[in-house]
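Q: From first to last, the protein sequence lines are chains A and B.
Every letter in the first sequence is one number past the one before it in the working numbering, and letter 190, counting from 1, is 190.
Counting the second sequence from 1 gives a position; the working numbering is that position plus 1000.
Bear in mind the hints are in silico, worked out from the structure with no lab data behind them.
Source: prediction; values computed, not measured.
Each hint should be verified, as a subset may be incorrect.
Unchecked claim - With a cut-off of at most 25 Å between alpha-carbon atoms, the simulated DMTMM-like pairs for lysine to aspartate or glutamate come out as follows:
{"#": "1", "chain 1": "B", "residue 1": "Lys1094", "chain 2": "A", "residue 2": "Asp185"}
{"#": "2", "chain 1": "A", "residue 1": "Lys106", "chain 2": "B", "residue 2": "Glu1131"}
{"#": "3", "chain 1": "B", "residue 1": "Lys1181", "chain 2": "B", "residue 2": "Asp1157"}
{"#": "4", "chain 1": "B", "residue 1": "Lys1094", "chain 2": "A", "residue 2": "Asp182"}
{"#": "5", "chain 1": "B", "residue 1": "Lys1067", "chain 2": "B", "residue 2": "Asp1098"}
{"#": "6", "chain 1": "B", "residue 1": "Lys1181", "chain 2": "B", "residue 2": "Asp1009"}
{"#": "7", "chain 1": "B", "residue 1": "Lys1078", "chain 2": "B", "residue 2": "Asp1009"}
{"#": "8", "chain 1": "B", "residue 1": "Lys1078", "chain 2": "A", "residue 2": "Glu158"}
{"#": "9", "chain 1": "B", "residue 1": "Lys1105", "chain 2": "A", "residue 2": "Asp185"}
{"#": "10", "chain 1": "B", "residue 1": "Lys1078", "chain 2": "B", "residue 2": "Glu1019"}
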Amino acid sequence: MAASASPAAGFDRRPWLLLSPALASVTLLLVIPTLFIVVYSFWLRTATGAEQVGFFLDNWEEVLTDRFYRDILLQTLRIAAISTVICALVGYIPAYFIAYTPTRHKALLLLLLMLPFWVSYIIRTMSWINILGVSGAVNSALLWAGLVDEPIQMLYNEATVILGLVHFLLPFMILNIYVSLDGIDRSLTDAARSLGCTGWQAFREVTLPLSVPGLAAGSLLCFVLGAGTYITPMVLGGPTNAMFANLVFEAIVTQLNWPLGSALSLLLLALLGALVMVYSRFLGIDQIAKSFR
Amino acid sequence: MSTSPPAVDLDGVEKRFGEFVAVRPTDLTVPEGSFVTLLGPSGCGKTTTLRMIAGLLDPTAGDIRIKGRSVTAVPIHKRNLGLVFQNYALFPHKSVFDNVAFGLKYRDVKRDEVTRRVRDALTLVQLPHVEDRRPIQLSGGQQQRIALARAIVIQPDVLLLDEPLSALDANLREEMRVELKRIQRELGIATVFVTHDQSEALAMSDSVVVMNQGWVEQMGPPEQVYNEPASAFVADFLGHSNILAGRVAGEDGGFVKVITDAGATILCHTRDRAGRPEGERVRLVMRAERLLLAERHDPAPGHSIMDARVRTVDYLGQSARYFLTTTGDAGDPGAGVDLQAINPIDRTPFPEGAAVQVRVRGEDCVLLDGDADG
């Protein structure tokens, strides 16, 4: 019998056979469409609205030099960064709580953490209109209590965009921090305590530094997801709160300028891709995979 | 008398988890400088007791005193104890030096003093050259030495060791056993050692505390606990014992005559527990290695001799464990009792099916009260 698994028998095909459906899907649904977009970005949309096939750098020149795009890009990165920091600060506490809960409650709490994903992201985002809108819950309560005479405009600014993003991203952050807290050997804090640390000192000396990988992974995930979102600013932001993905949406869906939209989306892809590579170089990308195990 | 207070003193200490009683009210004293082992199967309460001394668990009732000071209400970081865990519990993100120096940092020790004391501790555990490494770069045995150094560098009042050798492989475990004992002697530090391994307990301790289901079954020097078990549990847990139920059938020249339920007559040294009334139910404990097998034994005063047949032999190299069934001449009622014996082997062990004589000396038999707690 040929031992096909032994290295002496040479190349083992079986892993590749098993992988082939996944590889085929990724190629067909991701790699090829992305290549189309790359090609598109060098085409040109003429004044008549027709697309001119060829190799033009006009879109790229516009995207890379126009201050308008640069400003929106910086605004996008800023909003994503602020949301990420808030998620890290707010998310650490529930993550810690879940990790240190007796085992039989843990599964339930993790399930509750997943619960928001059962409702469409758009619906979840729109729900804020019912809460903060002019005729929303908060305003109704304020009016009823007589604290205000007319509804306050709370929606459609950068703060509500960040609020919506935190709402969307928080579970990812909690999950990542939870995974790294859960992996910390409990006797480490016992050891630190026995050597003279108060509970808080033991947290700072042991738990916090050892949860940094989870914090970093959660932050990367939140930042990348946050920087690429267009629904939140569309639903909860005002005219000046557009994020970069909104420009892509605008170019492709509204103006039907596919070449420009392609160049814009590739720019964002390149930036976020570079960020992931830097992260991977210094911290290792496999930490993120851990939280989905 | 001006004796200094014991290093650790438990006074009626009890721990309940809801309905479950992990440790029943326990009195326990660890004299200054001594090595006391809490020995028992898992779930017997030994680790719970250690964690209460450490301050990682609060007792439900009772008082814990360390060097005469009640610490029941003192939080763990103010108890000044050295704690060593089974899984080493070294800080993976700190160098060996920083691990060992950790406790000194919280004791306001000056920097050059810290360096000196860390180096001394590392020298004591015979690992002076690993300061700059990370724990993960060390072997299990080395990590446990570093954990020990980290615990002793703070000059604790008591050293608490929670199964520190269990994660090591067999050879290393024996080496560390000797090493741990040497360090403990050198420092003269009172030590509480938790283990489920009887050979560790017997080899290292000044005093062994055998625990079972939250009770202290017996407390005493290793030889005493081993040779004179106070209960069937202790007899069974430490080594291999034969426990036979029977009744007292009179005394005979310093020996109690016991007739087992199967009918064999065995003489048992009275020791200081003389005066068992005739007819009293007892249990007779005979250690497996105290049953001597031979083709023929000559009768001697105080010796009991039984005929037996070897059922199974467990060959262990330098010794063999025999499973025997007593046989007897026609009319001898002492037949059919299962015994086990561990004997050194001279060339070849007795084969299965061999007819042998089993001899047990009266001073190697221990009498327990009968049938009370199985």
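Q: Each hint needs a verdict: does it hold in this structure or not?
A: Evaluation of the provided hints:
1. Of the pairs offered as hints, the one joining Lys1094 of chain B and Asp185 of chain A holds, with about 15 Å between alpha carbons and a cut-off of 25 Å not exceeded.
2. For the hint linking Lys106 of chain A to Glu1131 of chain B, the alpha-carbon distance of about 39 Å lies beyond 25 Å, and the restraint is violated.
3. The suggested pairing of Lys1181 of chain B with Asp1157 of chain B holds, with an alpha-carbon distance near 17 Å, which does not exceed 25 Å.
4. As the CA atoms of Lys1094 of chain B and Asp182 of chain A are separated by approximately 20 Å, the hinted pair is consistent with the 25 Å bound.
5. The suggested pairing of Lys1067 of chain B with Asp1098 of chain B is violated, with an alpha-carbon distance near 29 Å, which exceeds 25 Å.
6. Of the supplied pair hints, the one linking Lys1181 of chain B and Asp1009 of chain B holds, its CA atoms being roughly 22 Å apart against a limit of 25 Å.
7. Distance check on the hinted pair: Lys1078 of chain B and Asp1009 of chain B sit about 17 Å apart at the alpha-carbon level, within 25 Å; holds.
8. Simply put, Lys1078 of chain B and Glu158 of chain A have alpha-carbon atoms about 49 Å apart, too far for the 25 Å limit, and the pair is violated.
9. Straight-line distance between C-alpha atoms of Lys1105 of chain B and Asp185 of chain A comes to about 22 Å, which keeps the hinted pair within the 25 Å bound.
10. Proposed proximity of Lys1078 of chain B and Glu1019 of chain B is contradicted: the alpha carbons are some 30 Å apart, above 25 Å.
Checked against the numbered hints listed earlier, the structure breaks hints 2, 5, 8, 10; every other hint is satisfied.
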